[in-house]
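Engineer: One letter stands for each residue in the lines below.
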Amino acid sequence: MIKREITTSADRLFSRRRFIYYSAALAAAVACGPAATGPSASPSGPVQLKGAKVNLLHWTSFVPDEDKWFKETLVNDWAKPNGVDLTVELVSANEAQPKIVAALQAGGGPDVMLLQWTWAHLYADKLSDVGNVAEKVGSDGGGFYDAMKQNAQVQGTWRAVPFGLLGNAMHHRESLLKDAGANTFPMTWSDLAKIGADVKTKSKLFLGQAMGHSFGDPPTFLQPFLWSYGGSETDETGKKIAVNGAATKDALVAFKDFFVRAADPQCLSWDDSSNNRAYAAKQIWATLNGASIYLTALKDDPDLAKDTQLALLPAGPKGQFLLGVPFQYAIPKYVKDPAPARELVSYIMSPKTYSGFMKAGKGYTLAPYKKGEDELWPSTDPKFDPFKKVGTLTKWYGYPAPPSPAAAESGSKYILVDMFAKVAQGDTPESAMSWAEGELKKVYKL
Amino acid sequence: MRAQTAGRPVTAGQIPTIGELLDRQGVLAYVLLLPALVILAVFIGYPFLSSLWLSVTDQSVSTSVARFVGLDNFADELGSQIFRQTVRNTLVYTGVTVVFKLGLGIALAVLMNQSFRLKNFARAALLLPWIVPTALSAIAWLWLFDATFSVFNWAIVHSGLADRGINWLGEGGWAMTAIIIANVWRGTPFFAITILAGLQTVERELLDAAAVDGASVWQRFWRITLPLVRPVLLIVLLFSIIWTISDFQLVYVITRGGPANSTHLFGTLAYDVAVRAGQLSEGAAISLYMFPVLIVCMVALLLYLRRSAT
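First to last, the sequence lines map onto chains A and B. Under our numbering, the first residue of the first sequence is numbered 1, with each subsequent residue one higher. Under our numbering, the first residue of the second sequence is numbered 1, with each subsequent residue one higher.
I should point out that these hints are in silico values taken from the structure, not numbers from a laboratory. Check before you lean on any hint, since a few could be wrong.
Pairs of lysine to any residue residues, derived as SDA-like cross-links and limited to a Cα-Cα distance of at most 25 Å, are as follows [unchecked claim]:
no., chain 1, residue 1, chain 2, residue 2
1, A, K126, B, T148
2, A, K204, B, L234
3, A, K256, B, E203
4, A, K441, B, F68
5, A, K204, A, G230
6, B, K119, B, E203
7, A, K126, B, K119
Owing to the predicted nature of the structure, the values given are computational and were not obtained by experimental measurement.
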């Protein structure tokens, strides 16, 4: 066995033993460093608004001025005067849910999070009761719309405060509609299929409707389509899956007719921004979208804006239905001192502040309460008028049953969207309904 | 009895100093391994065990206390059409891409093994798809297949091949083709460079001797080159199968598993179910269905490496 002698100073310095000693010392220094040099812990006791830190998780709006309002106006008008360190974190709507789930599961993250749809029902156990704030906001705003209340209130407890509603409308090119012989946008789905086919023949342009896995346009087009023919996921109690029935079949047959005659087949992969781009590039003549398409055209392409008209979704045999995209503010239970977060939500949602926000966004996000459609209405442009009806007409995930965790999960899995997409891809209505029924039974555990 | 160390002799019953312990090869080996073991335990062991536990409970984001449900989640998935479609998608995606990557990788490696001007530049450029962050290259592919702005469709329409472009991401078959193209583009350089390294170990004399004996180019490749690089090929193949089965980024960015779930892989479906829909246990069960396949690949790889070493 060769025995190695330690003879030089360099050898001593880098002997195995010393190497271990130095490594351990370095690791200990790194581990202890932040504790030794960081700020001391805050004293216990009630936290004043001054000096509080609030992290607000918000979606990135399709209207940049809305983001600017949060990043600048809110910080300057509320955070700075009150001495609050406010961080506004903006994420795309499709990426919000993963962040929220991670924060709730880890028990740490944003102090206020913007939920969509009926997520308050999905995460109810992990959200604080915000009843005091919600009741005051609703009262000051002239009362919440029914759908906004349904989405935020879970078994009588407010788990979130309604923030707003994205009202979708059929943006369409008036000139192309007239070229095809129609003076106004069709009032029924069957007329839309017929007139859409005529426009396609005349102008070679399709009606482009997003139908991929994306938060806004696909469900807000397809779920009202289903409801307007009397179809639904479940019955009114939410205890029985009702999707595999005659009403859904009628809806799917009508949808197939519409899709084949008038729609752009590429749109099965579209997300919420694809139709915006296609409309701006004049590749499609109509699409369901929030007002962002029109607002962008006003700025970038006045001729296109002038030719653009807005209309609510057509009706089916059972009436006209809408599904605006609802948002709510929630304060997770892991927030140790929710007082600053509540103050922030109260401030944003007070009609006076909200009026400023609506003006900044030019009416893209609609108020969750009734004052929004009259005294707070931010636009003088008559093209925006259809949006005034959205709050009243809009329903929710799971309609006609009350919102539920299962309905929220079904929406997150895009089961109804995929049922329509399957028919568009060539499946029979029976096959698509049977598939949806199987998936819904799993979700509803029925 | 006395234990001999590099330092002072240690008598039985006497407690050795830390320094003396560290001078023992057996002890030192474990001390040096400790950081790696801690990292493995924290970042791989714990999440794996955690997902195993999740998969046998009914944990969701909305439940505070999880309940043990045995193998119910695994059984439920077998009854789901989306899951069964995902299994088919994963098999098709992995099978087709690996075959193409292997074929193109061998061809490129043989090409790069020749002498030509700018050889080193070409070899470096070959690695670009592999080096570029996947999320970034996936966005580029997303635009290439975009319904409105696809360059491919522009070329098809403007060259008069068709009135309308291909519905790349809106039709199930084409969407699968699109992600296969993107994966082959990204993965081929790994095959090519690794096989090239193997080719460079093939002794020139063997090929020259075969040529003198009258062997054709194809015979030399088939009878000499290929058997000699087979160990490299097998390792690359196994690694690629593992990575492709567990692929996520390319598919998530380009198709999000759509249209109508026609391109969902295990990774994307597990993410959608666990993180989007909040069904953590169901998502864990889906992702664990990958495990048996991956473990077979890993065992095969390890056995092969051990056999090669001996």
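Engineer: State for each hint whether it applies.
Structural biologist: Going through the hints against the structure:
no., hint, in the structure
1, A:K126 - B:T148, "42 Å, violated"
2, A:K204 - B:L234, "53 Å, violated"
3, A:K256 - B:E203, "64 Å, violated"
4, A:K441 - B:F68, "21 Å, holds"
5, A:K204 - A:G230, "33 Å, violated"
6, B:K119 - B:E203, "20 Å, holds"
7, A:K126 - B:K119, "60 Å, violated"
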